Amino acid sequence: MTFLRRLPPPLVVGVVFFGSWELLVRAFRVKEFLLPRPSSIVTSLVDTWNPAETDGLGTSSLREAGLNTGSIAVAGLLIGLLVGVVLALLVVRFGRLSDTVTPFAAAINATPIVALAPIFNAWFGITSVVSNLAVVVVVVFFPVFINTARGLTEVHADQLELMRSYGASDLTIMRRVRVPNALPFFLTSLRIAAPLSVIAAIVAEYFGGPQSRLGPVITQNASFTRYDAAWAAIVVASAIGLALFAIAQVIERLAMPWKRREA
Amino acid sequence: MTSDAVSVNAVSKVFNDGSPEAVRALEGIDLTVKPGEFVSLIGPSGCGKSTLLRLIADLLPATAGTIEVFGKPASQARVDQDYGMAFQSAGLFEWRKVAANIELPLELMGWSKSDRHARSKEMLELVKLPDFGDHYPWQLSGGMQQRIAIARALAFKPELLLMDEPFGALDEMTREHMQNELLGITAELGTTVVFVTHSISEAAFLSDRVIVLSPRPGTIHSIVDVPMGDRNDDTREEPEFFAKATEIREALRAVEAPA
Chain A
1 MTFLRRLPPP
11 LVVGVVFFGS
21 WELLVRAFRV
31 KEFLLPRPSS
41 IVTSLVDTWN
51 PAETDGLGTS
61 SLREAGLNTG
71 SIAVAGLLIG
81 LLVGVVLALL
91 VVRFGRLSDT
101 VTPFAAAINA
111 TPIVALAPIF
121 NAWFGITSVV
131 SNLAVVVVVV
141 FFPVFINTAR
151 GLTEVHADQL
161 ELMRSYGASD
171 LTIMRRVRVP
181 NALPFFLTSL
191 RIAAPLSVIA
201 AIVAEYFGGP
211 QSRLGPVITQ
221 NASFTRYDAA
231 WAAIVVASAI
241 GLALFAIAQV
251 IERLAMPWKR
261 REA
Chain B
1001 MTSDAVSVNA
1011 VSKVFNDGSP
1021 EAVRALEGID
1031 LTVKPGEFVS
1041 LIGPSGCGKS
1051 TLLRLIADLL
1061 PATAGTIEVF
1071 GKPASQARVD
1081 QDYGMAFQSA
1091 GLFEWRKVAA
1101 NIELPLELMG
1111 WSKSDRHARS
1121 KEMLELVKLP
1131 DFGDHYPWQL
1141 SGGMQQRIAI
1151 ARALAFKPEL
1161 LLMDEPFGAL
1171 DEMTREHMQN
1181 ELLGITAELG
1191 TTVVFVTHSI
1201 SEAAFLSDRV
1211 IVLSPRPGTI
1221 HSIVDVPMGD
1231 RNDDTREEPE
1241 FFAKATEIRE
1251 ALRAVEAPA
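Chains as they are written, first to last, in my numbering: chain A, 1 to 263; chain B, 1001 to 1259.
Here chain A stands alone, though its shape is the one from the complex (with noise of 0.2 angstroms):
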């Protein structure tokens, strides 16, 4: 029992979850098309990874189905984070732009992004990486925007009173006071437009385009019912959208040394 509570809560967590969904699935008999194995997923993970030769259904490899996905989603993530934080810096540093700019953003944000998704394949073709990436961009920049105008608003006022009091100007308090102050606002931001950004591409990928991408590879073996494959697909997804969580994580630890940290 010493040895069990020494390991992690997330692995013993993990363990037991995927352990009794093998068990109940085979002890109920669930059929594959409901809920395939935990077992027969990570096997067609391994076989349609990387395949030898294509199984003449062409679906693509998950290998590079992954990666397309991926590189679409850290794209758009990086320039989605990138117009939050300039629209965010504009609309503190110009307060009346805050009038216009921030309802149209609430806009863009409330539009349902399958709604925009076929509408950015019209604007920028149906086959271009623009059409996903855009609605990746929409996805992420308002969470960014709002949480970093935020944290560059939201500064004492002892700090403001502070900074003016040795003549400070509009751009040093910027500087020095508003931009570290707004830094935890946009890691936390960061945090989760970091795995929406993979949700935001896969939702833009159902909607058309080239076949070698998560989206596709989930709708195509799902309709020729292999779940399993399936399945395989959204672990991968799944993986990106982690991966993407844990980078963001270790960012956060690494850009704020000064946070109060439990030991």
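It should be emphasised that the hints constitute simulated quantities derived from the structure, not laboratory data. The structure presented is a predicted model; accordingly, all values stated were derived computationally and were not measured. Incorrect hints may have been included.
[Claimed, not checked] Among the chain A residues that face chain B by a calculated CB cut under 10 angstroms, a handful are:
#1 Trp21
#2 Pro112
#3 Ala115
#4 His156
#5 Glu161
#6 Met163
#7 Arg164
#8 Ala168
#9 Thr172
#10 Arg176
#11 Val177
#12 Pro180
#13 Asn181
#14 Leu183
#15 Phe185
#16 Met256
Ideal placement from N, C-alpha and C gives every residue a C-beta, glycine not left out.
Take the given structure of chain A and dock chain B to it, following the hints.
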């Protein structure tokens, strides 16, 4: 003849002037503070004591009247960084280490790195925290943070220190300890202090003069001179100290009594 440290002439402050929500915060304030003098502003909440401090600091514009700091307009004194400032919250920048917090005003003034380090080291010794330069603010207690804030306010050795209830958030013993230290430091540097407080004993212990303000609109009700000379912990138990505290208390009662 040397000029006064602070000279406030017929100053009024109205917030939201001209609108129905206009608030007359201060009216007809005349006040001079001599170099090296320690002056406290005391009064019930809403009497405009913090507003008056911010007018002197040029963080708020006066509605009428003039304010001079060392013979020049308050706005010029602010740009010239003629005064240091400390607030009730230490207001340290959490992303800067303690030494970097103290060095911030020096950085803005364009001091060289080695000069800044030398000065922050000196100031840390002055506030008796020589080993804490490399710590982050959250690693310090409230009292220690407040001492760092004072070290920062004094880092460029301004001749005038403006303080807004700087010890308001501290417990009684820490507060008294800080008061002793503040007097020691300002005596050593010859600093003029304008000090906002709501504590009667604090005002009596620290000040050469206590300005009692009455509220709505804020006016100077009375001025209590406290000619006690050098002070230490024994001062707090002397009859003269109690007599002055009583005098201030009675002035405050007169101010707060319903009209």
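The hints, checked one at a time:
Annotation: interface hint on Trp21/A violated; nearest CB of chain B at approximately 43 angstroms, more than 10 angstroms. For Pro112/A, the interface hint is violated, since its Cβ never comes within 10 angstroms of a Cβ in chain B; the closest pair sits about 38 angstroms apart. A distance limit of 10 angstroms between C-beta atoms decides the matter here; for Ala115/A the minimum to chain B is near 41 angstroms, and the interface restraint is violated. Interface hint at His156/A: satisfied, since its Cβ lies 6 angstroms from the closest Cβ of chain B, which is below the 10 angstroms cut-off.
Given hint, Glu161/A at the interface with chain B, holds; its Cβ is 5 angstroms from that chain's nearest Cβ, closer than 10 angstroms. Interface hint status for Met163/A: upheld, as the beta-carbon distance to the closest one in chain B is roughly 8 angstroms, under 10 angstroms. At a threshold of 10 angstroms, the smallest CB-CB gap from Arg164/A to chain B is about 6 angstroms, leaving the interface hint in force. Nearest Cβ of chain B to the Cβ of Ala168/A: about 6 angstroms, under the 10 angstroms cut. The hint holds.
At a threshold of 10 angstroms, the smallest CB-CB gap from Thr172/A to chain B is about 7 angstroms, leaving the interface hint in force. Interface restraint check: Arg176/A against chain B, minimum CB-CB distance 7 angstroms, threshold 10 angstroms, status holds. Hint status for Val177/A: holds, given a least beta-carbon distance of 7 angstroms to chain B, under 10 angstroms. Annotation: Pro180/A was flagged as interfacial toward chain B, and the flag holds, the nearest CB pair being 5 angstroms apart, inside 10 angstroms.
Annotation: Asn181/A was flagged as interfacial toward chain B, and the flag holds, the nearest CB pair being 8 angstroms apart, inside 10 angstroms. Taking 10 angstroms as the C-beta contact cut-off toward chain B, the hint placing Leu183/A at the interface holds, the least distance being around 7 angstroms. Below 10 angstroms, beta-carbon pairs count as interface contacts, and Phe185/A has none with chain B, the closest being about 13 angstroms; its hint is therefore violated. For Met256/A, the interface hint holds, since its Cβ comes within 10 angstroms of a Cβ in chain B; the closest pair sits about 7 angstroms apart.
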